[in-house]
Amino acid sequence: MTEALVRSFLAAGTDLLDHVDRALVDLESRPGDLPLRRQVTEFCGILHRSGSFLGLHQVAALSAALTSLVEAAAPTDGQAPVDPPVVSVLLQLVDAIRAEMARILPGAG
Amino acid sequence: MAEGGVPRHLVAGQWQVLRKMARRADPVAVLADITARVEQDFPRGICCVVLADAETGDLRAAVPGAHHDVVRQRLHQLACSPAGPSSALAEAPEAVALSFPGEHGRWGAWAVEVAAVGVRRFWTVPLHAARGGKVHGALTMFDASSDSPVTSEGTVLMEHFAALTAITIDFEQVVQQTAQVALVDTLTGLATRALLLDRLAQALFRARRRLKLVAVMFLDLDGFKNVNDTYGHEAGDAVLVEVAARVRRVVRPSDTVARIGGDEFVVVCEDLRGESDLALIVDRLHSTLAGAYALRDAVVAVGVSIGATLTDGSVGVEDVLHEADSLMYQAKRTADAGAGGEPE
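Order-wise, the sequence lines are chains A and E. When we follow our numbering, the leftmost residue of the first sequence carries the number 12, and every step to the right adds one. When we follow our numbering, the leftmost residue of the second sequence carries the number 666, and every step to the right adds one.
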């Protein structure tokens, strides 16, 4: 049953990463969009917490790094704009999480 | 954890949560904040607040997880399961701590499901209400860490956060009750003056927008003082409760009935077509309210003086109330002059 939960997490996690992907691109043009920033932080938090619970340590660690970087680059108080080069780095991290998920259970996502 | 007391980071977190409550943050957000703080102390743990339905005792997650948060959703199901230990906290309000795998007696079937999703340690701690010996629900922790079996340190930590969670829920209930008391007359269940002013302002606004008429009727009981003086305040209260019930039967559910003083009531009816509609309502109020009221030990009679006015919404709230009040006094003087007495 743990495997079933891992599969569900990977499927939902892939959707979450798609949302994060789009939201990060949107943040480039709408740096002051606070709900969007909060959504990115929340989705990264879900990946980190669920990954930790399921023992998917690489996913959890990368998601934690993504959460910290998003909070630093796009704080939810909306003070700082998000620079395109920073967004580019964040998107690479999203790709790394996606690759790690694909490695865990091929075809699950 | 610090020796001999609550760790410093918990105290700091506690103050931050209390500050959010004082600033009237969304209570669900405050509870989500508490669960996030608990999870900081359990790196592989997921925390849920579950609340018990006051009537059925059924449990539900107080902080609904996001749609995509499938792991949290699954743990919410397990936390709220009637087969799990949280469901028994109302009868035996003691913290329960379990390690998995293991033998868990009456929770056996539930424990198999919990262990199957990778949980190694579990706590559920009752949320004691400040008054009435009630239990709001439970703070639960599902921990996948296999470092050690359940520890008393973990239980102390959970009990600390459970106390904070219970205070948050108590506070929210008090705020809601206070708001309710300010808007609803506790004796009759009718609107208070505060709610009347708000409803009347909205009714006047709607009348202007829809080109309709609003009736405002000011009611004052005749002979009520005699009931109080002769039979006591308990009898007077019984009459007021009955008056409220009778007025409600005359008007539509959408109309507003308020008690704004001892024996003074105001009725607001919307969407009237003209004076004839108003006269019909006033006649019904007179015939329904005047007459006998059966008390426990006696039958008493009271009358009612009504001042009624129609408006198209072009006047202010206080103006229309003042006009209805003046008309009520005219009606009372006329009635008293006819009976040869002084106004009450």
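Hints listed in this document are in silico derivations from the structure and should not be mistaken for laboratory results. Take these hints with a grain of salt, some might be off.
To be verified - Some chain E residues near chain A, calculated using beta-carbon distances under 10 Å:
(1) Glu-704
(2) Pro-708
(3) Arg-709
(4) Gly-730
To be verified - Take a look, some chain E residues computed to stay more than 10 Å from chain A by CB distance:
(5) His-733
(6) Ala-762
(7) Pro-766
(8) Ala-809
(9) Pro-814
(10) Asp-835
(11) Ala-847
(12) Glu-935
(13) Leu-960
(14) Asp-984
Where a beta carbon is used, it is the ideal one built from N, C-alpha and C, also for glycine.
Hints, verified against the model:
1. With 10 Å as the threshold, the beta carbon of Glu-704(E) comes within range of chain A, its nearest partner Cβ sitting at about 7 Å, so the hint holds.
2. Restraint check, Pro-708(E) versus chain A: the minimum CB separation of about 6 Å is within 10 Å; hint holds.
3. Look at Arg-709(E): its Cβ gets to within about 5 Å of chain A, closer than 10 Å, so that hint holds up.
4. Taken as an interface hint, Gly-730(E) checks out: its beta carbon lies about 8 Å from the nearest beta carbon of chain A, inside 10 Å.
5. Against the 10 Å criterion, His-733(E) falls within the reach of chain A, whose nearest CB is about 4 Å from its own CB.
6. Look at Ala-762(E): its CB is around 18 Å from the nearest CB on chain A, clear of 10 Å, so calling it non-interface holds up.
7. The claim that Pro-766(E) is not at the interface with chain A holds, since no C-beta of that chain comes within 10 Å of its own (minimum 13 Å).
8. Listed as a non-interface residue, Ala-809(E) fails to keep its Cβ farther than 10 Å from every Cβ of chain A; the least gap is roughly 5 Å.
9. Under the 10 Å C-beta cut-off, the non-interface status given to Pro-814(E) relative to chain A holds; the minimum distance is some 18 Å.
10. Even its closest Cβ contact with chain A, about 28 Å, leaves Asp-835(E) beyond 10 Å, as expected for a residue assigned away from the interface.
11. Consistency note on Ala-847(E): stated as away from chain A, and its beta-carbon is indeed over 10 Å from all of that chain's, at 33 Å minimum.
12. Look at Glu-935(E): its CB is around 38 Å from the nearest CB on chain A, clear of 10 Å, so calling it non-interface holds up.
13. Listed as a non-interface residue, Leu-960(E) keeps its Cβ farther than 10 Å from every Cβ of chain A; the least gap is roughly 59 Å.
14. For Asp-984(E), the condition that its CB be more than 10 Å from all CB atoms of chain A holds, with the nearest at approximately 43 Å.
Comparing the model with each numbered hint stated earlier shows that hints 5, 8 do not hold.
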